[in-house]
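A.B. asks: Can you build the whole structure from these sequences, using the hints too?
Protein chains: 2
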Amino acid sequence: MSSYNFGIAIHGGAGTIEKTLMSPEREMAYNRALQNAVDVGYKTLEAGLSAIKAVEAAVVDLENCPLFNAGKGAVFNSVGQHEMDACIMDGQTLNVGSIAAVRNVKNSIILANLVREHSDHVLLAGDGALEFAKKFNVEIESDAYFHTDQRYDQWQKIKGSDDFQLDHTGEKKYLGTVGAVALDNKGNLAAATSTGGMTNKKFGRIGDTPLVGLGNYANNSTCAVSCTGSGEYLMRAVTAYDISCLMEYKGLSLQKAAEFSILNRLTSLGGDGGVVSIDQDGNIAMVFNCDGMYRASRNQNHNAVAIYR
Amino acid sequence: MSSYNFGIAIHGGAGTIEKTLMSPEREMAYNRALQNAVDVGYKTLEAGLSAIKAVEAAVVDLENCPLFNAGKGAVFNSVGQHEMDACIMDGQTLNVGSIAAVRNVKNSIILANLVREHSDHVLLAGDGALEFAKKFNVEIESDAYFHTDQRYDQWQKIKGSDDFQLDHTGEKKYLGTVGAVALDNKGNLAAATSTGGMTNKKFGRIGDTPLVGLGNYANNSTCAVSCTGSGEYLMRAVTAYDISCLMEYKGLSLQKAAEFSILNRLTSLGGDGGVVSIDQDGNIAMVFNCDGMYRASRNQNHNAVAIYR
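In order, the protein sequence lines correspond to chains G and R. Going by my numbering, 33 is the number at position 33 of the first sequence; the sequence numbering is gapless. Going by my numbering, 122 is the number at position 122 of the second sequence; the sequence numbering is gapless.
Derived from the structure by calculation, the hints contain no laboratory data. Since the model is a prediction, treat every value here as computed from it, not as a measurement. What you were told as hints is all true, and nothing was included just to trick you.
No more than 27 Å apart at the CA atoms, straight line, and that leaves these computed lysine-lysine pairs for DSSO-like:
no., chain 1, residue 1, chain 2, residue 2
1, R, Lys-134, G, Lys-159
2, R, Lys-134, G, Lys-202
3, G, Lys-19, G, Lys-157
4, G, Lys-53, G, Lys-43
5, G, Lys-250, R, Lys-256
6, R, Lys-135, G, Lys-159
7, R, Lys-135, R, Lys-106
8, R, Lys-202, G, Lys-106
9, G, Lys-202, G, Lys-157
10, R, Lys-159, R, Lys-106
11, R, Lys-157, G, Lys-135
Each pair of labels, with its calculated beta carbon distance range:
no., chain 1, residue 1, chain 2, residue 2, range
12, R, Asp-143, G, Asn-36, 46 to 52 Å
13, R, Asp-120, G, Asp-153, 20 to 26 Å
14, G, Asp-153, R, Lys-256, 52 to 58 Å
15, R, Lys-157, G, Asn-31, 56 to 62 Å
16, G, Asp-153, R, Leu-269, 42 to 48 Å
Non-contacting residues of chain G with respect to chain R, defined by C-beta distances greater than 10 Å in every case (computed):
no., residue
17, Leu-21
18, Ser-23
19, Val-40
20, Ala-47
21, Gln-92
22, Asn-104
23, Phe-136
24, Asn-137
25, Asn-289
26, Tyr-308
Think of the CB as a built atom: it goes at the ideal place given N, C-alpha and C, for glycine as much as any other residue.
C.D. replies: Here you go:
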């Protein structure tokens, strides 16, 4: 048995997710999807594979599910396109790969991981990232693949306006992103985050998700963090690295660090959102300052899925 | 007289800048350009204007000078284009504006400042940023404006290869960026950074410069920082926010924080580079781990320009 308490935590976005506005069928679908993704990641760890492999596998699963705002379920931007961002980081080496404003790639997180492994650059955007994807035969999908009626209807409601937040019955201000953090049986941490951004966002807008230290960070000496929420505020708060610094420089526990960063720092700026995070002892902290966060976590001792506060 | 010791520090890039390989004429041209830019910024502060106005003015001056890798002197990317990144941040409000992979905009920092003031987004990239620029009648220049023989020759030497570092006589591994940090007479801090990236970089590559907390950061409660160097390493080290956290969470002075972040953290990752930084007491720290950094600083008591260690 490993001396490390390996485990994984995932999220599928945070925001105004009210139980009274969620149908039992829809709630069950979310719970099932979250359980499935956390199981995919956990089984990867259980098989002795790396934290990087586990977070990649879990995020691929979430990207392929139309319920979440990433991959297949990505929202429409202001010109009706799906533009995706992703980041993956290895806590052992601090190697990181990111892609931003990329269209038609089925799994952004796979592309980000290829950037991490095979590019001298950290972050590739737009057509440059797409060209890199083609070099590695990354799976490309047509625009039609990314079309879901739910996201299209959300876009139609605010299309042409300057509004770029989701604000619709049942999921007001739902801030969609997916992410995973893991500790493997060798004591290595990793974090992965992926998103379709915000409905009706201006094209070319890049949020916190693909940016190392902002929406995603991993460092074996502190923690692995994946953020979700109002990206512009998470950026200004440098949330992911803030949690790491609170542990490293102030000696806070993971839970206390995540609470300070989300409940004090992000909240005082006016931002909504949350994080899933894990440290080398296998402690998991899932903290958010809004009504709900789609989330799940699993290790050798527990297995839990939750949506509301 | 103001109770704040207002002042400004600027840089024009860091790297292998060897005195033996620099002609006296060229050295004089750099010294003159640095003095000019720091004066432009200092006079803005002296006139009672904000730190944001001062760093913007100084960076515009550096962007308009063909000697530095930003604006007019931007390097060529792998397909012979000039793709520019910039970021500006207000330490009082933590409002930040960034642009990435933008072509043909004369002054990237002006566009970044417009994003900060007029966009709900923090970071706009590529054509989306260019569209935003046109809405605000930002000055656009033809590709010819950005052509300088020196940069073209640099590109020709490595074009078609996978090499993307500058590596030529006199400026081996010169890592070009420009930046400014300032404290104004009301006690507000600001930071601005701008770059043309790396010669022969793959198109779509985004470095640390436009990314809040990575290449540029300002917070009245700690410091203002502008980075220059090997961007991929500055990103992985989250250098700008790291310095702020070392002050806030560990209680280090600005100088000690900048030294730890550059001389320990960045160096241990294998990265080259440096920072200019200022705190609310007007302390200025300029730290780098390579042969030289084009830099200048000025306040009511001193006025200095330097290139070498």
